[in-house]
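Asks: Chain residues, written in single-letter form:
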Amino acid sequence: MTFRIAPAPHTKPARSTGQVMRLVCYALIPGALAHYVIFGPGIIIQLLLATITAVATEFLFTQARRRTSHNTLADYSAVVTAVLLALSIPSLAPWWIIVIGTVFSIGIVKHLYGGIGQNIFNPAMAGYVVLLVSFPLQMTSWPLPAELSNFSVSFYDATQLIFSGYTADGYNVQQLKAGVDGISMATPLDTLKTGLSQQLTTPEITNNPIFSGIAGVGWQLLNAAFLLGGLALIATRVISWHIPVGLMLGLAVPALIGSAIAPDQSIGLFMHLFGGATMLGAFFIATDPVSAATSNRGRLYFGLLIGFLVYVIRTWGGYPDGVAFAVLLANMCVPIIDKYSQPTVYGHKGSSS
Amino acid sequence: MQEYKNISLQGLWHNNPALVQLLGLCPLLAVTATITNAMGLGLATMLVLIGSNLTVSLVRNWVPKEIRIPVFVMVIAAFVTVIQLIMNAYFYGLYQALGIFIPLIVTNCAIIGRAEAYASKNPWRQSAFDGLMMGVGFTLVLMTLGGLREIIGNGTLFDGAELLLGEWATALRIELFTVDYPLLLAILPPGAFIGMGFIIALKNAIDHYREQHASKPEKQVTRARVTAQS
Numbered sequence: 001m002t003f004r005i006a007p008a009p010h011t012k013p014a015r016s017t018g019q020v021m022r023l024v025c026y027a028l029i030p031g032a033l034a035h036y037v038i039f040g041p042g043i044i045i046q047l048l049l050a051t052i053t054a055v056a057t058e059f060l061f062t063q064a065r066r067r068t069s070h071n072t073l074a075d076y077s078a079v080v081t082a083v084l085l086a087l088s089i090p091s092l093a094p095w096w097i098i099v100i101g102t103v104f105s106i107g108i109v110k111h112l113y114g115g116i117g118q119n120i121f122n123p124a125m126a127g128y129v130v131l132l133v134s135f136p137l138q139m140t141s142w143p144l145p146a147e148l149s150n151f152s153v154s155f156y157d158a159t160q161l162i163f164s165g166y167t168a169d170g171y172n173v174q175q176l177k178a179g180v181d182g183i184s185m186a187t188p189l190d191t192l193k194t195g196l197s198q199q200l201t202t203p204e205i206t207n208n209p210i211f212s213g214i215a216g217v218g219w220q221l222l223n224a225a226f227l228l229g230g231l232a233l234i235a236t237r238v239i240s241w242h243i244p245v246g247l248m249l250g251l252a253v254p255a256l257i258g259s260a261i262a263p264d265q266s267i268g269l270f271m272h273l274f275g276g277a278t279m280l281g282a283f284f285i286a287t288d289p290v291s292a293a294t295s296n297r298g299r300l301y302f303g304l305l306i307g308f309l310v311y312v313i314r315t316w317g318g319y320p321d322g323v324a325f326a327v328l329l330a331n332m333c334v335p336i337i338d339k340y341s342q343p344t345v346y347g348h349k350g351s352s353s
Numbered sequence: 001m002q003e004y005k006n007i008s009l010q011g012l013w014h015n016n017p018a019l020v021q022l023l024g025l026c027p028l029l030a031v032t033a034t035i036t037n038a039m040g041l042g043l044a045t046m047l048v049l050i051g052s053n054l055t056v057s058l059v060r061n062w063v064p065k066e067i068r069i070p071v072f073v074m075v076i077a078a079f080v081t082v083i084q085l086i087m088n089a090y091f092y093g094l095y096q097a098l099g100i101f102i103p104l105i106v107t108n109c110a111i112i113g114r115a116e117a118y119a120s121k122n123p124w125r126q127s128a129f130d131g132l133m134m135g136v137g138f139t140l141v142l143m144t145l146g147g148l149r150e151i152i153g154n155g156t157l158f159d160g161a162e163l164l165l166g167e168w169a170t171a172l173r174i175e176l177f178t179v180d181y182p183l184l185l186a187i188l189p190p191g192a193f194i195g196m197g198f199i200i201a202l203k204n205a206i207d208h209y210r211e212q213h214a215s216k217p218e219k220q221v222t223r224a225r226v227t228a229q230s
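Going down the list, the sequences are from chains W and A.
Each residue of the first sequence is one higher than the one before, starting from 1 at the first, in full-length UniProt numbering.
Each residue of the second sequence is one higher than the one before, starting from 1 at the first, in full-length UniProt numbering.
Only chain W is shown next, with the shape it has when bound in the complex:
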């Protein structure tokens, strides 16, 4: 028997990148299922389209950069980006939306900055922002939650809608959005924001049928599902608790203060936490290990900053939800956060954390 003496470091990372990324994918399953239940089968097509595009783009760009495609494809990072992007966009958006978004995410935001580990911005969110800025109509046309909708969208209808823009019966997405009384309805956050800008009070707006429960039909279930998946990620130690907790604190504290000062003109606490993309952002997007802060203290600050920015954008910004913008803005602040939250090396004076 021979003893092989390998060079340092002798500790082995608990998981490879591929294993971590696969765990993230599994943790997204409850959210994807909730998405399917609430918004119909369109999400399956979007997920497929996004994954195929992401893998193809990853392959082409690694080839063009003369890297080995095998390693980068096997680490599933492109798949995670694609899945996150597909879960972020309206499930009945035309096919070219997700294709353009994924190509931008993988090709420009990830590979032009040097591939996995080098990108300063979160690829999925940068792709999302490009889509939101470029195609505002398609990106805000969320289908109605199934229990409010007049139409049930079958898998065949969803395919037709995504690839041609019309169902077999000739309805387009805008017509499908019309509720029981024929009035088109937006997402809860959007409805609330539009109502507030028309000088309505929060109780008046929340009489709308879309606001049953704590944060609007459908969206509360979706956020609860993402919360479940996120807690699983924390339990398996794939992510640390610092970013999600920081984000929720950064969002909840201003939300509480805001609703204490002006309960009729503000978005409530539960609406903030369980509406829009809060949970997806807190557990899956802001925790991207590449573009987030690196030390634990830094991660807490990073999360707090995102939460606060989400509150600011939702309250005073031009868009109903602001998770994507908040994440990108916080990504820009990461170098400075890292600089000022650098832990003290053991044995040096000063507090270590």
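Just so you know, these hints were derived from the structure itself, not from any lab.
Distance windows between CB atoms, simulated: (1) A:Gln96 - W:Asn172: 32 to 42 Å; (2) A:Ile199 - W:Thr194: 33 to 43 Å; (3) W:Ala8 - A:Cys109: 45 to 55 Å; (4) A:Leu176 - W:Ala56: 20 to 30 Å; (5) W:Leu48 - A:Cys109: 41 to 51 Å; (6) W:Thr294 - A:Leu176: 42 to 52 Å; (7) A:Ile199 - W:Gln199: 45 to 55 Å; (8) A:Ala89 - W:Asn172: 44 to 54 Å.
We treat Cβ as the ideally placed atom computed from N, Cα and C, and that holds for glycine.
On the provided structure of chain W, position chain A as indicated by the hints.
Replies: Just chain A now, kept in the frame of chain W:
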């Protein structure tokens, strides 16, 4: 002749104000949504550059070093005012489209940069030629970026060219493809930054390629004698 060739190469490629010096980016990014706007602003900048370089070069020996910058700025401002009034009188549509960016040519660093770096040290003929070449280089980059953004964002080329070139230019308008939903990003300012990044990357890639494939001069081997001569 070699000198003028060198100036042209510097202005058009090696020291291009937009691609290498990265000067004058504010108008470059703001008004290049269409190729017509880009050409209008490029030509205006070029005329100002020629005029200011020529004037600065002519007065360079009488301007005390300590106050040269205010003098340069006033020369540039005078030329910009002339160009602005001309555009107001003859190209009113374009004048309105470019808006604040015509008076802002005064603050274009490319112009004061050339006045300081070249015109204040060289005779007037070379200075005026340098202004022309720097202006042409700047205009070409503006037009490339404007063309790219117009094609990606609108699917057209030379849309609204009649504002600059007169009625006949409506025939120049090329409709490459029609899109129901334009890629707004290309027309909005972020598109200008991204497009500019790609153009600079392309320029660097070409330089890199040429450097690698250039015929290397025969290496002169000089041997040091290490043994004592007998």
